[in-house]
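Trainee: Sequence:
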Amino acid sequence: FKPKDIVSGDFYRVSGSVSKTARHSHYDTILVAVCDCTGHWVPGAFMSLIGSNLIKEAVRINWHTKQPSLILNTLNDLICDTMLRGQEYILSKFGMDISIAKIDTQKKELQFAASHHSLFHIRGGELFEYKGDRITIGKKQNNGTGLFKDHIIPFQNEDTIYLSTDGYPDQLGGKVKAKFYKDSFRNLLSSIAPLPFEEQKEKLSETHLKWKGNIPQTDDILVIGLKL
3 FKPKDIVSGD
13 FYRVSGSVSK
23 TARHSHYDTI
33 LVAVCDCTGH
43 WVPGAFMSLI
53 GSNLIKEAVR
63 INWHTKQPSL
73 ILNTLNDLIC
83 DTMLRGQEYI
93 LSKFGMDISI
103 AKIDTQKKEL
113 QFAASHHSLF
123 HIRGGELFEY
133 KGDRITIGKK
143 QNNGTGLFKD
153 HIIPFQNEDT
163 IYLSTDGYPD
173 QLGGKVKAKF
183 YKDSFRNLLS
193 SIAPLPFEEQ
203 KEKLSETHLK
213 WKGNIPQTDD
223 ILVIGLKL
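In the numbering used here, each residue carries its 1-based index in the sequence shown increased by 2.
None of these hints come from the bench; they were simulated from the model.
Quick reminder that beta carbons are idealized off the backbone N, C-alpha and C, glycines included.
A hint or two may mislead.
[As the list claims (entries may be wrong)] List of simulated lysine-lysine pairs, DSSO-like, C-alpha gap at most 27 Å:
(1) 203 with 6
(2) 179 with 205
(3) 184 with 4
(4) 214 with 181
(5) 68 with 151
(6) 181 with 133
[Said to hold, decoys possible] Now the in silico label distances, taken between C-beta atoms and shown as ranges:
(7) 183 with 151: 21 to 27 Å
(8) 106 with 177: 28 to 34 Å
(9) 106 with 179: 39 to 45 Å
(10) 208 with 29: 27 to 33 Å
(11) 16 with 67: 17 to 23 Å
(12) 129 with 180: 20 to 26 Å
(13) 54 with 19: 29 to 35 Å
(14) 172 with 63: 30 to 36 Å
(15) 158 with 133: 20 to 26 Å
(16) 218 with 185: 34 to 40 Å
(17) 126 with 217: 33 to 39 Å
(18) 107 with 177: 41 to 47 Å
Please model the entire structure based on the sequences and the hints provided.
Mentor: In structure tokens, the structure reads:
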């Protein structure tokens with residue numbers, strides 16, 4: 003997590019439901035959300051504040067299923083409703099892209115839905131990319147049901163997944179001051195996946211700093227990795 007300014011338009015949330023046995027408690031369902039609010043500094047932080055509160059409400063409404071697509075559809079409706087209650091200028095100017103992963107540890111199944119984001123799934127050195135829908139949260143014309151679709155992804159122990167905003171691949175740098183781009187980002191994730199997470203974090207930071215050189219950071223950066 004590397005904000006461009008002191009406050010960030012990127013943020014993340016994690017929640018889960020707990021099963022208790024006679025000997026111990028464990029999470030049987032985990033929800034992970036990665037969010038990117040358009041804008042930087044105060045506008046981005048303001049959208050993050052609104053978005054964070056509305057995501058909590060969308061999760062609460064859909065807690066019985068915890069289905070990512072339903073949460074996103076509800077979130078879109080809630081933000082559109084907020085727009086109709088007097089926030090038209092702010093919420094039409096600064097939108098939100100978001101990804102949500104639901105991890106079922108009992109079924110060993112992952113559900114994923116997203117606005118513009120991708121999920122990267124690595125197993126045995128091979129990377130699979132699952133792309134979200136090209137729908138921006140908060141657009142009035144999106145109101146309705148069935149907008150977002152779920153990817154159903156079976157997983158095995160030791161699989162790794164990554165969720166990310168667009169800040170890392172969009173960083174300008176290199177000899178020609180171009181973007182890092184998603185292909186380079188995918189290759190980087192594949193190369194660091196076998197490492198312990200602390201080392202992965204160091205490699206991500208080192209690669210980013212080397213790429214951008216003397217160029218200012220282009221955007222807020224957020225990358226989350228999970229070992230399943």
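Trainee: Going through the numbered hints above, which ones does this structure break? Give me the numbers in ascending order.
Mentor: 8, 13 and 16
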